[in-house]
Amino acid sequence: MIKLKNITKWVNNGNNRVFLLKDINLQFNEGEFISIMGPSGSGKSTLLNVIGMIDDADEGEYHFLDQAVHEMKEKQRALLYKQHIGFVFQAYHLIDELTVYENIETPLLYQNIKSSDRKAMVADMLDRFNIVGKKDLFPNQLSGGQQQLVGIARALIGAPTVILADEPTGNLNSKQGEEIMELFRELNEKDGVTIIQVTHSEKNAAYGNRIIHLLDGRVDHHAMEQYTKTV
Amino acid sequence: MFKNYFTIALRNIKRHRSHSVINIAGLAIALAATIVIFLVLQHEYSYDTYHKNADRIYQVIKKDVSPTETGFQVGVPFPATRALRQDFPQVTFGELYKSFGSQLTVMKDPNTISSRRFIEESGVFFADPEIFSIFDVKWMAGSAAVLKEPGKLVLAKSIAEKYFGTWQSAMDGYLKIDNNILVQVAGIIEDVPSNSDFPFAVIPSYKTFESNQQYFNYGEQINDWGLSTSDHQVYALLPENMKAASIDANLETFSRKYYRMESATKTSHFLQPLKNIHFDTRLENNGDHISNKTSLNTLALIGVLIVLMACINFINLSTALAAKRGKEVGIRKVMGSSKTQLRTQVLFETGLIVLFAGMTAVLLAWLALPYLRYIADIQQQLTLINTGSILFLVITLVVTTILAGFYPSLILSSFQPVEAIKNKINNTRVGGLSLRRVLVVLQFAFSQLLIIATIIAVGQMNFIRTADIGFDKEAVLLLQGNNDSTSLARQAAFKSDLLKLPAVKSVSFTMDPPSSLNSWTTNFAFNNNTEDLPFSLYLKTGDEHYAGTFGMNLLAGRFYTTADSARKVVINETLMQKVGIKEPSEAIGKTIRIGAGKFREIVGVVRDFKNNSLRDGIQPTAIISYPAFYSLTAIKLKSNNLGKSGEAIQQVWDKHYPEYAAETRFLDESINEFYQQEERLSRLYKVYATLAIIISCLGLYGLVSFMAVQKNKEVGIRKVLGASVGSIVYLFSKEFTVLILIAFALAAPAGWYLMNNWLQNFTYRIDIGAWVFILAVLASVIIAWLTVGYKAISAATANPVKSLKSE
Numbered sequence: 001m002i003k004l005k006n007i008t009k010w011v012n013n014g015n016n017r018v019f020l021l022k023d024i025n026l027q028f029n030e031g032e033f034i035s036i037m038g039p040s041g042s043g044k045s046t047l048l049n050v051i052g053m054i055d056d057a058d059e060g061e062y063h064f065l066d067q068a069v070h071e072m073k074e075k076q077r078a079l080l081y082k083q084h085i086g087f088v089f090q091a092y093h094l095i096d097e098l099t100v101y102e103n104i105e106t107p108l109l110y111q112n113i114k115s116s117d118r119k120a121m122v123a124d125m126l127d128r129f130n131i132v133g134k135k136d137l138f139p140n141q142l143s144g145g146q147q148q149l150v151g152i153a154r155a156l157i158g159a160p161t162v163i164l165a166d167e168p169t170g171n172l173n174s175k176q177g178e179e180i181m182e183l184f185r186e187l188n189e190k191d192g193v194t195i196i197q198v199t200h201s202e203k204n205a206a207y208g209n210r211i212i213h214l215l216d217g218r219v220d221h222h223a224m225e226q227y228t229k230t231v
Numbered sequence: 001m002f003k004n005y006f007t008i009a010l011r012n013i014k015r016h017r018s019h020s021v022i023n024i025a026g027l028a029i030a031l032a033a034t035i036v037i038f039l040v041l042q043h044e045y046s047y048d049t050y051h052k053n054a055d056r057i058y059q060v061i062k063k064d065v066s067p068t069e070t071g072f073q074v075g076v077p078f079p080a081t082r083a084l085r086q087d088f089p090q091v092t093f094g095e096l097y098k099s100f101g102s103q104l105t106v107m108k109d110p111n112t113i114s115s116r117r118f119i120e121e122s123g124v125f126f127a128d129p130e131i132f133s134i135f136d137v138k139w140m141a142g143s144a145a146v147l148k149e150p151g152k153l154v155l156a157k158s159i160a161e162k163y164f165g166t167w168q169s170a171m172d173g174y175l176k177i178d179n180n181i182l183v184q185v186a187g188i189i190e191d192v193p194s195n196s197d198f199p200f201a202v203i204p205s206y207k208t209f210e211s212n213q214q215y216f217n218y219g220e221q222i223n224d225w226g227l228s229t230s231d232h233q234v235y236a237l238l239p240e241n242m243k244a245a246s247i248d249a250n251l252e253t254f255s256r257k258y259y260r261m262e263s264a265t266k267t268s269h270f271l272q273p274l275k276n277i278h279f280d281t282r283l284e285n286n287g288d289h290i291s292n293k294t295s296l297n298t299l300a301l302i303g304v305l306i307v308l309m310a311c312i313n314f315i316n317l318s319t320a321l322a323a324k325r326g327k328e329v330g331i332r333k334v335m336g337s338s339k340t341q342l343r344t345q346v347l348f349e350t351g352l353i354v355l356f357a358g359m360t361a362v363l364l365a366w367l368a369l370p371y372l373r374y375i376a377d378i379q380q381q382l383t384l385i386n387t388g389s390i391l392f393l394v395i396t397l398v399v400t401t402i403l404a405g406f407y408p409s410l411i412l413s414s415f416q417p418v419e420a421i422k423n424k425i426n427n428t429r430v431g432g433l434s435l436r437r438v439l440v441v442l443q444f445a446f447s448q449l450l451i452i453a454t455i456i457a458v459g460q461m462n463f464i465r466t467a468d469i470g471f472d473k474e475a476v477l478l479l480q481g482n483n484d485s486t487s488l489a490r491q492a493a494f495k496s497d498l499l500k501l502p503a504v505k506s507v508s509f510t511m512d513p514p515s516s517l518n519s520w521t522t523n524f525a526f527n528n529n530t531e532d533l534p535f536s537l538y539l540k541t542g543d544e545h546y547a548g549t550f551g552m553n554l555l556a557g558r559f560y561t562t563a564d565s566a567r568k569v570v571i572n573e574t575l576m577q578k579v580g581i582k583e584p585s586e587a588i589g590k591t592i593r594i595g596a597g598k599f600r601e602i603v604g605v606v607r608d609f610k611n612n613s614l615r616d617g618i619q620p621t622a623i624i625s626y627p628a629f630y631s632l633t634a635i636k637l638k639s640n641n642l643g644k645s646g647e648a649i650q651q652v653w654d655k656h657y658p659e660y661a662a663e664t665r666f667l668d669e670s671i672n673e674f675y676q677q678e679e680r681l682s683r684l685y686k687v688y689a690t691l692a693i694i695i696s697c698l699g700l701y702g703l704v705s706f707m708a709v710q711k712n713k714e715v716g717i718r719k720v721l722g723a724s725v726g727s728i729v730y731l732f733s734k735e736f737t738v739l740i741l742i743a744f745a746l747a748a749p750a751g752w753y754l755m756n757n758w759l760q761n762f763t764y765r766i767d768i769g770a771w772v773f774i775l776a777v778l779a780s781v782i783i784a785w786l787t788v789g790y791k792a793i794s795a796a797t798a799n800p801v802k803s804l805k806s807e
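Line order of the protein sequences matches chains D and P. Number 186 in full-length UniProt numbering belongs to position 186 of the first sequence; there are no gaps in the numbering. Number 431 in full-length UniProt numbering belongs to position 431 of the second sequence; there are no gaps in the numbering.
Hint data in this document are derived by calculation from the structure and do not stem from the laboratory. The structure displayed is predicted, hence computed values, not measured ones. Treat the hints with caution; some may be incorrect.
[As the list claims (entries may be wrong)] Here are the computed distance ranges between Cβ atoms for each label pair: (1) D:N171 - P:G388: 56 to 66 Å; (2) P:K14 - D:N171: 22 to 32 Å; (3) P:F6 - D:N29: 38 to 48 Å; (4) D:N29 - P:N4: 32 to 42 Å; (5) D:A68 - P:A750: 57 to 67 Å; (6) D:E178 - P:N4: 30 to 40 Å; (7) P:R17 - D:Q141: 17 to 27 Å; (8) D:N171 - P:R17: 25 to 35 Å.
[To be verified] The list that follows gives simulated cross-link-like pairs (lysine-lysine, BS3-like), each with its CA atoms no further than 25 Å apart: (9) P:K582 - D:K119; (10) P:K3 - D:K135; (11) P:K339 - D:K82; (12) P:K3 - D:K114; (13) P:K339 - D:K75; (14) D:K134 - P:K638; (15) P:K3 - D:K134; (16) D:K82 - P:K3.
Even glycine gets a Cβ: it sits at the ideal position worked out from N, Cα and C.
Work out the full structure, taking the sequences as your base and the hints as a guide.
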């Protein structure tokens, strides 16, 4: 479903070119649960943003569902993106001025879905995550775990094929983190949603069925072998 | 979708409360100022547009070209009307004679007067029926045809009600004009709208004037083409499709046919379109003021600039706020929002703020309107809500939204989502401080320009008020009476009773005080020459106590006395110099022929006094005695404090003139009235300069509070390194001081240029000193420091640990 070929991204720092991503070649299939690991600054988030189409690579090819994303215009890309991708962030990134209900509804507004349909869809989602009682609260009235639930609900509302999660449990305590990871597993197994997560924690990485290690912007094949061996 | 925009807009307005208040307050003040300006312009440009034939109505103007000057007059010789009708049969001409200050006495029956007497400020218009084929009035009773007969009169409804109780009972009632002319009410019209220069309220037939002309001091000379008065006016209604230019061409021939062409002054006529009557400052009109189009345009410009200033505030604050809103924009982009959708959202939000501001502005304008009369020539109460003003408001709100919202919407929507989410949006990405600096400089330049204009205008007004006018205007009471034969006959007895009052110092009968807006000019010859001099002589008339009562200074000779007043004349310095005499004493004994009269001997020369307002220079003037014109009694009091002597004087008046109403005013007050327009203009400058300062301060305050957030970290680090509060406050103030100085470099030359031009309207004017500019720049620096100071100090005294931690 996702094919990355020689994806390279850099920034110019004075006369030096610093590579954020270098010759990334990866392929993800539908229904996979991928964990991307690596130390700080290894390019995990950048890779996720490139996959999520909110950031561009400087070189390389990116195919999403057999469509060449690297050749697309912004509008086409936005269309593809709106249909297929949901984002979950470490810092939740809910809109502070909107209630839980309105936050979850926001992606639907940009997909031109009728008001009555929106209502039903948001209601379903609130139900599913057991947050009906919190629908009129604002983000700052919720705990971190609850905010992340809303974040996930918002990512799921558009029924995406892929969920991209950037350290989704990074700001949560271990219990809350575990609940979120369980939720991801369930989504992956029951609903068949492809999940790509970036994580620091080995424990969370283990929820996935494949782990990609990054080091200095490259895929670290050595670490991956090591890892496979230990498992 | 829009519901979502609406919700988030409202919540954003609430969340960034201080920014919203600054934005809404600034915009509301600016919009209110603009609404008021719009209403003024709307009113001024609506004068007499309601006549259904407005574009075909013209006034016949008389133009006198002499070798030295060109004069324009609304007065047309009396015989001209008949000649015009004869020579231009296709045109409808109407004539009127207006009489200001005429007294109207309500009659119980044709022979019994009542004690109800009135003097209408709008004047009495003797009109022929054709006037109302030209101008539209609504007839409630009678018709224009009643004006065909002498002794008939038409009243406006409100006047009829004032005199007779109800307008129905006014019909067939009697009035006496100036205690002499009996007229019967034969028609009632609805009150003329306030936006008319033809305030028809008391309208006797023109035939009434013709058969009573002796009461207006006209004899045989009324048929003379050489006589004209601004009171006799002729109006024309052209047939459809006829060009005024073709009539003008024929009017040249017409003038050659009827005027004596051998005189040095060539007289001709032309047609003045109705729509120009309210704006032609060369001429007088029958309304309460003439508007200057340049002033109106300046006003419009000020309105536009004030709104622009408020928009600049808005842009500054919104882009400053953009950094804070980066996260929301980033999230929305990740959620799938397009740039257009984000831009729409920002514009929608701006629109909502502008709408709030608009509503506040309407309220402010409504509160301000009753005070309009102090700064504008418009004395009526204007209505705030009308089709035009609603349309104007809607358009202004839309334009303001676009002006204020477009740039911020571009900035916001261009954020890269990844950076926005990571809070990497900083100043360089939101248009940079440089743009904001430019905008602030523009704002300050404009408010300094207004400060400079205000200082100069106020200075000029004070200069005029305190200027030496060449005579003593203090403690002179003026009683406006009449100059019919009965009134004149009682003057001697009236005067001797007045002089018995302890408060009265001296009494003089005259037509005009030394300074007045009336002017009476004539041709004249000097020192027994037969040839007229090539410039006009200005006349003042008064009895032998004129110079004493008005405290004039004689440079040589004496004032004329009772015995020789008919044969002597007193001249002013300017006239003396214009006829080539250097020493006042040399002028004594020379002679002057005034008009076609006999030569009079010059017995005295008075120091120059201001004949008119200080806008004009001093004219060559002669003072003569001319008792037939003495309708005004000037009473010099021993002190300026009238006290009880006012009543005593009134009693003396009532004793001698029981059937006349007395119009009393102080000379210094009536002189101040000359400068009413300038007085209002300088008040207007004050008001708008204050508004401009408030708006730019709001903007500055917003900007500095943003800077305080921005420089939080820098301030923290500096404090940790040992910076004092003072040095931090300096850090903030330094930048704005520089901006103000740059603004000053723009405002000073512009202000000098504009105000120097304005001062050219005055013959007597102040010099624009350097202190004006120093004062302006100091004022704006101090105001800016005060605005910036609070925020700067609170930033400087904040605990650095906090600001550094948050990074």
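Hints and how they fare:
{"no.": "1", "hint": "D:N171 - P:G388: 56 to 66 Å", "result": "holds, 59 Å"}
{"no.": "2", "hint": "P:K14 - D:N171: 22 to 32 Å", "result": "holds, 27 Å"}
{"no.": "3", "hint": "P:F6 - D:N29: 38 to 48 Å", "result": "holds, 43 Å"}
{"no.": "4", "hint": "D:N29 - P:N4: 32 to 42 Å", "result": "holds, 36 Å"}
{"no.": "5", "hint": "D:A68 - P:A750: 57 to 67 Å", "result": "holds, 59 Å"}
{"no.": "6", "hint": "D:E178 - P:N4: 30 to 40 Å", "result": "holds, 34 Å"}
{"no.": "7", "hint": "P:R17 - D:Q141: 17 to 27 Å", "result": "holds, 19 Å"}
{"no.": "8", "hint": "D:N171 - P:R17: 25 to 35 Å", "result": "holds, 29 Å"}
{"no.": "9", "hint": "P:K582 - D:K119", "result": "violated, 100 Å"}
{"no.": "10", "hint": "P:K3 - D:K135", "result": "holds, 17 Å"}
{"no.": "11", "hint": "P:K339 - D:K82", "result": "holds, 14 Å"}
{"no.": "12", "hint": "P:K3 - D:K114", "result": "holds, 13 Å"}
{"no.": "13", "hint": "P:K339 - D:K75", "result": "holds, 10 Å"}
{"no.": "14", "hint": "D:K134 - P:K638", "result": "violated, 87 Å"}
{"no.": "15", "hint": "P:K3 - D:K134", "result": "holds, 21 Å"}
{"no.": "16", "hint": "D:K82 - P:K3", "result": "holds, 21 Å"}
Against the hints set out earlier in the document, violations occur for numbers 9 and 14.
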